[in-house]
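Protein chains in written order, with this note's numbering: chain B, 1 to 431; chain D, 1001 to 1444.
Quick caveat, the hints were computed from the structure, so don't treat them as lab data.
It is possible that part of the hints are untrue.
Cut-off 27 Å, straight-line C-alpha distance, at most; resulting in silico cross-link-like pairs (DSSO-like, lysine-lysine) [said to hold, decoys possible]:
| id | chain 1 | residue 1 | chain 2 | residue 2 |
| --- | --- | --- | --- | --- |
| 1 | D | K1421 | D | K1317 |
| 2 | B | K207 | B | K394 |
| 3 | B | K74 | D | K1040 |
| 4 | B | K394 | B | K55 |
| 5 | D | K1080 | D | K1009 |
| 6 | B | K394 | D | K1043 |
| 7 | B | K2 | B | K27 |
| 8 | B | K27 | B | K394 |
| 9 | B | K74 | B | K55 |
| 10 | B | K87 | B | K74 |
| 11 | B | K74 | D | K1043 |
| 12 | B | K423 | B | K375 |
| 13 | D | K1040 | B | K87 |
| 14 | B | K67 | B | K394 |
| 15 | D | K1043 | B | K87 |
| 16 | D | K1208 | B | K67 |
| 17 | B | K55 | B | K67 |
| 18 | D | K1080 | D | K1208 |
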Amino acid sequence: MKRGFAIYLAFLLFLTCFLGWYLTRPKVLTIGLFAGSNWNVPEGDSYALLEEAIKRFEAEHPGVTVKYVSGIRKEDYSEWLAERLLKGEEPDIFVVPGEDFNLYASIGALQPLDRSMNGDGAFDPSVYYPGALDYGRYQGVSYALPLGAVTTLMFVNKTLLAQEGIPIPDNNWTWQDFLRICKAVTKDTDGDGRLDQFGVYDYTWRKAALTNDVQIFAEDGKSADFTDSRMEEVMRFMLELHAVSGGQEVTAKDFDMGRVAFRPFTFAEYRTYKPYPWRIKKYSTFEWDCIKLPAGPSGSNSSIMQVMLVGISARSSEPRLAWEFLKTVCYDPAIQEMMLTKSQGLPVRRDVVESARAQALFTATTPGSEAMNLKTVSEVIADSRTEPKFPRYKEAMNLADNRIFHAVQENTSLSNALSQVQKEINIYLQR
Amino acid sequence: MTEAYTPEKRRLEWLYGLLGLYNGLVVLLMAGFMSLTQEKIIKTMSAHAFLTTLPIVPMPAFRGFLASIGAYALMLFLGKLYRHGGLTGGQRHLVFAAEIGVCMLLMRSLNLAYDGVVLLAVADLMHRYQGENQSWLLLGAMVGLYFMANYNLAIFQRHVAPFDVYAAYYRPEVQSVLLAIQNGLISLNIVLFVLYLVLLVQNKHHEKERIASLNKQLEEANVRLRAYAIEAERTAETRERNRLAREIHDTLGHTLTGIVAGLDACLVLVDAAPAAVKKQMEKIRATAQHGIVDVRRSVKKLRPDDLEKMPLQQAVKKVIAEFGASSGVDIHLVELGWPEKLREDEEEVIYRIVQEGITNARRHGKATKVTVTCGLEPGRFYIIIADNGQGCKDLQQGFGLRHMEERLALLHGRLRYWSDKGFTLEATIPMGKNVMDNNGEAEG
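Just chain B, with the same shape it has in the complex (with noise of 0.2 Å):
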């Protein structure tokens, strides 16, 4: 009896010190993100807007560390986490390539946001612009939230233009009008026989068919469809545009020099190459501007764009704390804004992107900008698409842009070389 007592007091005190050195311990939120920027631009200090974040939260939450580990390149990015993953050490909270989170949600390595969205009541998902928000969803489950976002607009190379007496075309310009310029600026200058001035550098067949309104891949990225009607429209214009150059390659080169008039330019780009220094160092013989890409017959001047996604940890054993600090970094308008003077990208939040301080933020820190007006960037944002982020569409893009390719410069029958291009790529997928 005495020692059975004995026995229960010991385990009472175990317990309790259990209990003690439970409940304060000093709690630890890992974060994975790379080094450099999302948008594949020149990035002073990456970590600036995380940092601000990292100081606000642990302000609000004391006894609360957050940590992450730097220095790793956005190449080695995508391994870094797959073997931390597998070694079952992931960070709490990580940044989720895009063509990994498909696979990431489908595995059950991220946690399924949608609880703590709807059960938080500081929470409010319709701020985010739709498409940046969809994103981060998998199968009609939330799993990461949008940091921030870019769009694809299109380069117009405003020296040129003026010199051939063409205005800059409207943000409603059609492949037409974008044919008809290109036709125009393209000619041999110097007469050597060869051309030497050029409408596009850069322009995919890609972006075309974003702007056509083409559904290539199903959602699950199972399967490709290439023998849509706008797809052969899309080909058709590429040829045509293709055929403007008369087959002559069009070289980056040329478009430094500022002998072609249009190209296809991220929102990063143009932010990262617009202020000085860069504007000197590159783009400096003529100027420049940005507008939408022109719209397709069954499409409209829609941009693509690229979202940079946060997702929490399924194993994390802070649900709550990492939720929070999610909200820090993807919700906190403050830390939202920051993304104009800290980063390349935009925010999120269409209200913060919408905002007058925001105007005056890009404004000051994008000098030369000022026609740039964030209420037409946000126009375009609401109106963007994003590209399919299935693991392997990368892979089946490069395979559909290789095939496509040889199927432009033979001249072959356009529905037949879709149609097996068709074949190759659902093999591929189906694989």
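Once you've looked at the hints, dock chain D against the given chain B.
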């Protein structure tokens, strides 16, 4: 367990131990292989490619290894608990359910690469299997287990990292060797399991034979015992008869001899000396008187002990209670009335009738329920003994019934009996002044 520990049993235990050891080894191998492969995958920077081929995020290598080994140890422990006696039926079922649960958990943490542990659970189940009617239960349980394993296979398939994916990390030729090893391990386990089953069935069969032989021996002993009982009864009867003979010889014989001898003397003397005859007659009378006392004493010795010690009512109740308790017959006594005063011989007859009646009901009628009713009517006392036994179609008066009739006849009583639903016996003894006087006279 108090059962005999036969070499067969030892062999079975040994094989079970081997089965457990072998499965443990395979679990260790599989878990080790998978966690080592996982570590290797991380080291060679193919984590991302590996993840894309999986339906889930696998457990970290070391944790998965520990989970498998831990689950296996727990399963062995539960199996031991289940096999061990000293658990009630409910507890045993609970333990077995827990064992199945742990088994599923183990299969899951082993990524379904090895399902041989299910057979271990079946072996445990088989071990406790006893009796004929449980074979259906066993069959049901085995089919259930099999389906459960397959069902789990079907649902877990999307929730585990399959063995093939781990194997796919290696070169094709290594892959085929790995798969061959995996299949070999599974097959060897099945061989061991079947061997165990064969031995178990053999063991059960031998045990059954042993029990049958024991039963036969018991039967023989029973027969001998019954013969001995009959023999003993006969001996007791003989002894009683001898005692009666002795009593008669000692008391009546002695007295009557004395009386005859005395009367002979009287015959000689009667004419010569009538006075002496008178004296002699006195002596003869005394002898006769003494003889009567002796006979009475002998008769008293024949009276049932209970009647000697207590009144009739209690003695009857006692004999009923005792017989009921010893034979298991449900005997109910209905008392509608008792005569106020009875002579010893009347008491004895009543007692004997009750005793004989219930004995007959049990012995001949195989009755389970007997109602004894006794009541008083003007002029007579009656006892009705009715049972629910099989009765008999053509009545053959046995020793018991004749004795009862004879006894009753001495008292001017009557015995009636008939058989319809069971057997009913009615004995009536006349009561009243006339009879009393009559009997008194006879006694006097």
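(message) Hint by hint, where does the structure go against what was stated? Just the numbers, ascending.
(response) Result: hints 4, 7, 8, 12, 14, 16 break, sorted rising.
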